[in-house]
Amino acid sequence: MSAPLILAIESATSCVGCALGTVDGVLAATHTVQARRHAESLAPQIQSVLAEAGRNVRDIELVAVDVGPGLYTGLRVGITTARAMAHTLGVPMVAVTSLEAVAWQAGADVTVAIDARRGEVFHETFTAGVGSGPAVGPPLDAVAPGRTVVGDGAEVYESQMLESGAMVDHAVTGYPVPESILALAAGRAHEACDPVGIQPLYLRAPDAVAKFGTA
Amino acid sequence: MPADVILGIETSCDETAAAVVVGGSDVRANVVSSQIDIHAKYGGVVPEVASRAHVDTIMPVVEEALEVSGLRPDEIDAVAATHGPGLVGALLVGVSAAKAMALVWDVPFIGVNHLEAHLYASFLEEPDLEMPLVILLVSGGHTMLILMEDHLRYRVLGATVDDAAGEAFDKVARVLDLGYPGGPAIDRLSGDGDPAAIAFPRAMANDGWNFSFSGVKTAVVNHVRKNPDTPIADVAASFQEAVADVLVTKARKAAREYGATGLCLAGGVAANSRLRERVSEAAAADGLRAFLPSRAMCTDNAAMVAAAGWWRLAADGPSGLDLGADPSLRLPTD
Ligand SMILES: [Zn+2]
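These protein sequences, in sequence, are chains F and A.
Take the first sequence: its letters are residues 1429 to 1643, numbered as in my numbering.
Take the second sequence: its letters are residues 3 to 336, numbered as in my numbering.
Be aware that a few hints might be false.
Residues from chain A that face chain F, not an exhaustive set, calculated with beta carbons under 10 Å [unchecked claim]: (1) VAL48; (2) VAL70; (3) LEU73; (4) LEU191; (5) SER216; (6) TYR260; (7) SER282; (8) GLU283; (9) ALA287; (10) ASP324.
Derived by calculation from the structure, the hints in this document are not laboratory data.
Glycine residues also receive a C-beta, built at the ideal position from the N, C-alpha and C atoms.
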């Protein structure tokens, strides 16, 4: 049996794009980094990677998506598109987090910090490929002396991070790209679940809910 | 064969809805999942809360609509979704889901104007409506006096210069401590009140086609403060009467001036019993036909989106998959 054909969708940060491929590699991929154009870009990008790979949408056997944390609106565009496609195709899904994807891009033990706006970052520390769990908080929560920090949040708050003795690695792409979502999803295809099991990772309650103190 | 079976999707505010409509008027399924209970504790719609709820609900609602319709997914000829006006984060959920399904089924995607959808609600129940029609589109976000000359051809004669009619209902309900949503609460309470008890102002009643509702809202606030003993049912009934009076007076005048054959109501406030009564009476007195969509068709639903989508697809063809959401989309006019 051949490896399942995976469509991977990235729309959780400033990057929007998708990749088509299998555990053996990428057949076609595209992305743009154009904030607030996620909904306009994503569906045409899916059509274009299918055309480039010479595959039909019905050939897709698994849909992978970045479930965040990230920018809420982009995150919803990606998750809704991915879930609607998987549901309509009748295929399972795999979730990948934005933090895991950037760590995979670094290929080493790092702390990932993704800009969460409002003076905070989404962050997680990875050791030998195992994460500490996603969190949100001030940039200083993400750092420790001697630790290497990557991600667009590390770039935004670089001076604070350097002051506390951390290192910022600019060689790593600061946002998750669809090829990383594809690669990570291919490695966990056995964890594939029903589309209803794929939940966005917001990490923050909506403001009104926080204010009223109820969930 | 033209595209006949349309799956409609609506997520512009606080209702997650999906419907299957055949031939622009034959409703095979119309499923609405309301978030009213979720937003009630905040006293209004919270955009981020609404967007999150749409994400959770959209596919179950679509699945239910398909199931109720008894049609197979491969019998859907096109997918239509509201792409504006509305809350941008909420709109994007419906637009994204619709595009994804259109892509998988290889059928056209149609971006629908929410205001145009409201106008088409009447045609779901009366497909042979004769035009020109004068339509009062009244909701929480909009108050417009529209002349519909033919299918997809409108003139906006007037609109509110400040609050929408539905907004005034919500604010007055808050002042009277009636809870959220305000419209149905005021409607219910008014049944026990005297609509002539208090002469609230009829702003701009004899002055052009525009509306203003912030004055009447302020008048209610002032009245309640100065006369705390007035029964609130009288306040509610008198307020409701003032709003209905201005709306109907202008619609009637417009119908006369533009030779309309009928008066039509659309939008959430069109569910108000007193407004419906007043429109029926006015139409009967002036020899016009009155079209009052059922309450379920007045409030946000996806059947109206599918109906408008059917007409738009026939006239303009499909929308591009690069269509975004436009929170301030306007009604297309000549
Ligand atoms: Zn509406």
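Contradicted hints - numbers only: Hints 2, 3, 4, 5, 6, 7, 8, 9 not satisfied by this model.
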